[in-house]
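Enquirer: Using the sequences and the accompanying hints, generate a full structural model.
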Amino acid sequence: MTAPVLSVANLSKDFPLARGMLRREKLVVRAVSDITFELGRGETLAIVGESGCGKSTLGRSLLRLIEPTSGKVMLGRDNVTGMNTTQLRAARRRMQIIFQDPYGSLNPRMTVRETLAEPLLLHGLADPKTLEAKVNEILSLSGLSRFHAERYPHEFSGGQRQRVGIARALATRPELIVCDEPVSALDVSLQAQIVNLLQDLQQEFGLAYVFISHDLSVVRHIATRIAVMYLGRFVEEAPAETLFTTPLHPYTQSLIKAVPLPDPSVQRQQAELRGDMPSALAVPSGCAFHPRCPLATDLCRHSRPETRMIGDTRVACHHAEAGAAHATAQKIKPGKLDRRLAVLRAAKNEQASAPTDKRQETR
Amino acid sequence: MTASVPLTEALDDTAPPRQAWWKALLRDRAAALALITLLSIALAALLAPLIAPHDPYEGTRSVMQPPVWAERGDWTYLLGTDGQGRDILSRLLYGTRLTLLIGILSVGLGATVGSLLGLLSAFYKRIDPYVMRFADVMLSFPAILLGLALVAIFGPGALPVIIALSIATVPDSARIARSIAIGVMEQEYIEAGRAIGLSDRTLFSRYLLRNSISAIMIFVSLRFGQIILIGAALSFLGLGARPPAAELGMMASQGRDFMLFAPHIAFIPSIAIFVIVLAANITGDAIRDVLDPRLRS
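These protein sequence lines are chains A and B, in that order.
Here numbering that gives the first Met the number 0 is used: the first residue of the first sequence is 0, the next is one more, and so on.
Here numbering that gives the first Met the number 0 is used: the first residue of the second sequence is 0, the next is one more, and so on.
Some hints here could point you the wrong way.
To be verified - In the DMTMM-like style, the derived pairs of lysine to aspartate or glutamate whose C-alpha atoms are separated by at most 25 Å in a straight line are:
| hint | chain 1 | residue 1 | chain 2 | residue 2 |
| --- | --- | --- | --- | --- |
| 1 | A | K71 | A | D311 |
| 2 | B | K22 | A | E136 |
| 3 | B | K22 | A | E154 |
| 4 | B | K124 | A | E66 |
| 5 | B | K124 | B | D27 |
| 6 | A | K256 | A | D186 |
| 7 | B | K22 | A | E149 |
| 8 | A | K347 | A | E117 |
| 9 | A | K347 | A | E113 |
| 10 | A | K335 | A | E320 |
| 11 | B | K124 | A | E113 |
| 12 | A | K335 | A | D199 |
| 13 | A | K335 | A | D186 |
| 14 | A | K256 | A | E320 |
| 15 | A | K25 | B | D127 |
| 16 | A | K25 | A | E66 |
| 17 | A | K347 | A | E154 |
| 18 | A | K347 | A | D337 |
Claimed, not checked - According to the in silico footprint, chain A covers these stretches of chain B (three or more CB under 8 Å from chain A):
| hint | region |
| --- | --- |
| 19 | 175-188 |
| 20 | 206-220 |
Hints were generated in silico from the structure; no laboratory data involved.
Cβ atoms here follow ideal geometry from the backbone N, Cα and C, with glycine treated the same way.
Expert: Here you go:
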C-alpha cells in the first residue's frame with residue numbers, strides 16, 4: 000500500500016457516565032477501543048456490526064466530530080488528533096461524512112444551492128463568479144439537475160436528499176469520506192443507485208471510503224476490505240472476498256449466515272447467534288464474544304485474544320483455526336440489490352457505447 | 000460521469016413557483032385580516048397627534064357623554080367622553096400608542112436577551128446549568144412585584160413598567176428558546192455543518208438560530224399579547240402611566256368607577272386591548288407558518 004490516506008492507531012473513545020443518587024457511581028462506556036487500521040487511496044473499508052457496537056462512534060471519532068479519548072488519527076501526513084480548532088476546521092475540507100438519515104442531515108432552511116455553496120465558499124474553493132458553475136458541476140456529478148438547486152430539502156424524496164448529502168460531502172473534493180449507513184434508510188432500488196453513484200465517484204476521484212453498515216449484502220458490493228466490529232473492537236478484518244469465503248471469527252460466520260436470503264425455497268440454517276449483545280457498560284471478561292460463541296472455552300472466558308494475522312486476515316479469536324474448519328463455505332445468492340446493480344451496470348455500458356442517443360434511452 | 004444522471008428518479012423539469020413570503024401571509028384570510036387590523040391600529044396610534052379630534056388631556060363640561068350610536072349620542076364626541084369630560088376617541092388613540100410602545104419595547108428587549116441566553120445555553124452545554132439556574136431565580140420574581148419595586152425606585156411612569164416587563168420576559172423566553180434549541184441541536188444537520196468546518200458563529204446563526212427562530216416567534220407573539228395585558232394590569236393598579244397620560248389599562252381602570260352609569264368608558268379601552276391581543280396572536284401564528292419553508296408551499 001502506498002502512503003495511506005487514513006491511518007488510525009489505537010483509537011479509543013470512552014463515555015463517562017455518572018449514575019445513582021448524587022452521581023457518585025462513576026461508570027465508563029467503552030464505545031470504541033483500540034482500533035487500528037490503514038486505508039489507501041481509492042479503497043473502501045467497510046465496518047460492519049450490530050447496532051450499538053460503536054460503528055458510528057468510530058466514524059465520528061475519525062473526523063473528530065466526537066473527540067476521541069486516546070489514539071491517533073493521521074490524514075495523509077497530518078495528525079488529525081493533534082490539530083487545534085483552526086487547523087481542524089481547515090482539514091475538514093479533506094475529510095467529509097455522509098449521514099444515514101437523508102431527512103435530518105440537511106438544514107431545512109437552506110436551499111440545495113446554499114447547502115452546496117457553503118463548503119465551497121468556506122474553504123475558498125469558489126468565488127462569487129465561479130460559484131454557480133461549480134455548484135452545477137457538483138449537482139450533475141451527484142445525479143441531480145440544475146433545477147433542483149433552488150429547492151428546499153423537504154421538497155425532495157429520500158433518494159434525492161441522499162444525493163444532496165453526497166453532493167455536499169463531495170463539494171470540497173475530499174480525500175476521505177466516512178459514509179455512515181448511507182443507504183440504510185433507502186429501499187433496495189435506491190440503495191443500488193446510491194451504491195453505484197458512490198462507486199463511480201470513487202473511481203473518478205480516487206476517494207477513500209470508510210463505509211459503515213450493518214448490512215453485509217450492501218457492503219459486499221462496495222468494500223475492498225471489511226472489518227467486523229463487536230462491542231467497540233475489530234474482531235476480524237480481511238479483504239472483502241476473503242471475509243465472505245473464509246470467515247475466521249465465529250461472530251463473522253454467524254453474521255454471514257444471518258444475511259437474509261432472497262429465495263424462500265432455500266432451506267435456511269438455524270442462526271447460531273444466541274442472545275443479545277451485552278451492554279457496553281458491562282463488557283464480559285476475556286473475549287467479549289464468549290457468552291454467545293459456540294466455540295467458547297475457559298480460555299475465552301479469562302483472557303482476551305490478541306489480534307493475529309492469519310493469511311490476509313487480522314482476527315482476534317483464540318480458536319480462529321478451529322473456526323476456519325467450522326465454517327461451511329457459504330455462498331450468498333444474488334439478491335435484489337445484485338440484480339439492480341447489474342441492470343445499472345448494463346445501462347451504463349450501453350450508454351458508453353452509444354452516447355449519442357442518451358436522451359432516448361432514459362425514456 | 001454522466002453515467003448515473005439519466006437514472007435520477009425525478010424527471011420533472013418544472014420547479015414549483017415559490018411565493019414571496021408576504022403573498023403567502025396574505026393568502027391566509029384570518030392572518031391577513033389580523034395583520035391589517037394590527038397595522039391600522041399601529042398607524043392610527045402613530046398618527047394620534049394628527050388625527051385625534053380633541054385634546055386627550057383637557058376635560059370639558061360634557062361629562063360621561065355616551066358614544067354616537069347611543070341615545071343622546073353626539074357627533075362631536077364619536078366615542079363619548081369619560082368621567083372628566085375628555086374625548087374617549089382621542090384618549091384611545093394616545094392610549095394605544097403608549098400601550099403598544101410598552102408592549103413592543105418590553106417584548107423586544109426581554110425576548111431578545113432571553114432567547115439569546117437560551118440559544119447559547121443549548122449551543123454551549125457548559126454554560127447551560129448556570130444560565131438555567133439564573134433563569135430560575137429570575138422566574139421567582141413576579142412581574143407585578145418587580146414593577147412595584149421599580150416604581151418605588153423610579154417613581155411611576157412607563158419606563159419602570161417597561162424595565163419590569165422586560166426582566167420578567169427574560170427567563171421565560173430563555174427557557175422556551177433553550178428547549179427549542181436543544182431539539183435543533185440534536186438534528187444531524189448541526190453535525191453536518193460542523194463536519195463541513197463551519198465556525199461556531201456561523202453554525203449558531205445559520206443553523207441553530209435560523210431553525211429555532213420560527214418557534215421562538217410564536218412565543219414572542221403570545222408573549223406580546225400577555226405583556227400588553229400585564230402592562231394594562233400594572234396601569235390598572237396605578238403603577239404604569241402617570242395621569243393624565245392615557246394608557247388603555249389605566250383608562251379601563253378609571254372607567255370602573257362609572258360602570259353603572261357609563262359602561263362605555265371601561266368597555267371601549269377593554270375592547271381595544273382585546274382586539275390588539277387577538278390580532279397579535281393570530282399574526283404571530285401566521286408569521287411562524289410563513290417563516291418555515293416546510294409549511295409554505
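Enquirer: The structure should be examined with respect to each hint, and the outcome stated for every one.
Expert: Hint by hint, here is what the structure shows:
| no. | hint | verdict |
| --- | --- | --- |
| 1 | A:K71 / A:D311 | holds (24 Å) |
| 2 | B:K22 / A:E136 | violated (33 Å) |
| 3 | B:K22 / A:E154 | holds (20 Å) |
| 4 | B:K124 / A:E66 | holds (15 Å) |
| 5 | B:K124 / B:D27 | violated (39 Å) |
| 6 | A:K256 / A:D186 | holds (22 Å) |
| 7 | B:K22 / A:E149 | holds (19 Å) |
| 8 | A:K347 / A:E117 | violated (32 Å) |
| 9 | A:K347 / A:E113 | violated (31 Å) |
| 10 | A:K335 / A:E320 | violated (34 Å) |
| 11 | B:K124 / A:E113 | violated (28 Å) |
| 12 | A:K335 / A:D199 | holds (20 Å) |
| 13 | A:K335 / A:D186 | holds (11 Å) |
| 14 | A:K256 / A:E320 | holds (19 Å) |
| 15 | A:K25 / B:D127 | holds (22 Å) |
| 16 | A:K25 / A:E66 | holds (20 Å) |
| 17 | A:K347 / A:E154 | violated (28 Å) |
| 18 | A:K347 / A:D337 | holds (15 Å) |
| 19 | 175-188 | holds (count 3) |
| 20 | 206-220 | holds (count 3) |
Figure legend: structure checked against the earlier numbered hints; hints not met, in rising order: 2, 5, 8, 9, 10, 11, 17.
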